[in-house]
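Asks: Sequence:
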Amino acid sequence: MARYQTEIESTFTAGAAFHYMAEFQNVEHWDPGVRTAEKLSDEPARLGTEFRVLTVTNGREIPIVYRISEFDEGSRVVLRGETSRLISQDEITVRANGDESVVTYIANLKLRGPLAILNPFLGSTLKKIGDRARDQLRKSLNPS
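Under my numbering, the first residue of the sequence shown carries the number 17, and numbering increases by one thereafter.
Don't take every hint at face value.
[As the list claims (entries may be wrong)] Here are the simulated DSS-like pairs of lysine-lysine, each with C-alpha atoms no more than 25 Å apart in a straight line:
| hint | residue 1 | residue 2 |
| --- | --- | --- |
| 1 | 144 | 126 |
| 2 | 143 | 126 |
| 3 | 55 | 155 |
| 4 | 55 | 126 |
| 5 | 144 | 155 |
| 6 | 155 | 143 |
[As the list claims (entries may be wrong)] FRET-style restraints, in silico, Cβ to Cβ:
| hint | residue 1 | residue 2 | range |
| --- | --- | --- | --- |
| 7 | 133 | 54 | 13 to 21 Å |
| 8 | 135 | 60 | 18 to 26 Å |
| 9 | 51 | 155 | 29 to 37 Å |
| 10 | 88 | 57 | 15 to 23 Å |
It should be emphasised that the hints constitute simulated quantities derived from the structure, not laboratory data. For each residue, glycine too, the CB sits at the ideal point set by N, CA and C.
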């Protein structure tokens, strides 16, 4: 399984940063590989909330439904998405830093089926994707 991890300081309070990240439909604003994202319910994000995310990789659209599999209000959320070709798990933790916050984002990606043969080479691809998303996320978490 390929893994990407980054830490971003934010001018948001810890509560605001957590809310922004847990409402995973916001991923379309900071991940350049996401075309669209929508929450599949009207309630605030919580354990079991699902999000439909349309990613674009090498010109191919890949729809993934992510589900919150772990939820610690205000501090940690884990989302898992699966298709017949991949498993994606994202873990987000938020901690206070004075009146601001620090967001840690960990992405794990594993290919399935015939594509699993490519798993040993997935790390460098995930790093490129992750670095682009990190740069945009830093902007989203630090609005001017």
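Asks: For each hint given before, does the structure comply? Return the numbers of the non-compliant ones in rising order.
Replies: As far as the earlier hints go, 7, 8, 9 are violated by this structure, in ascending order.
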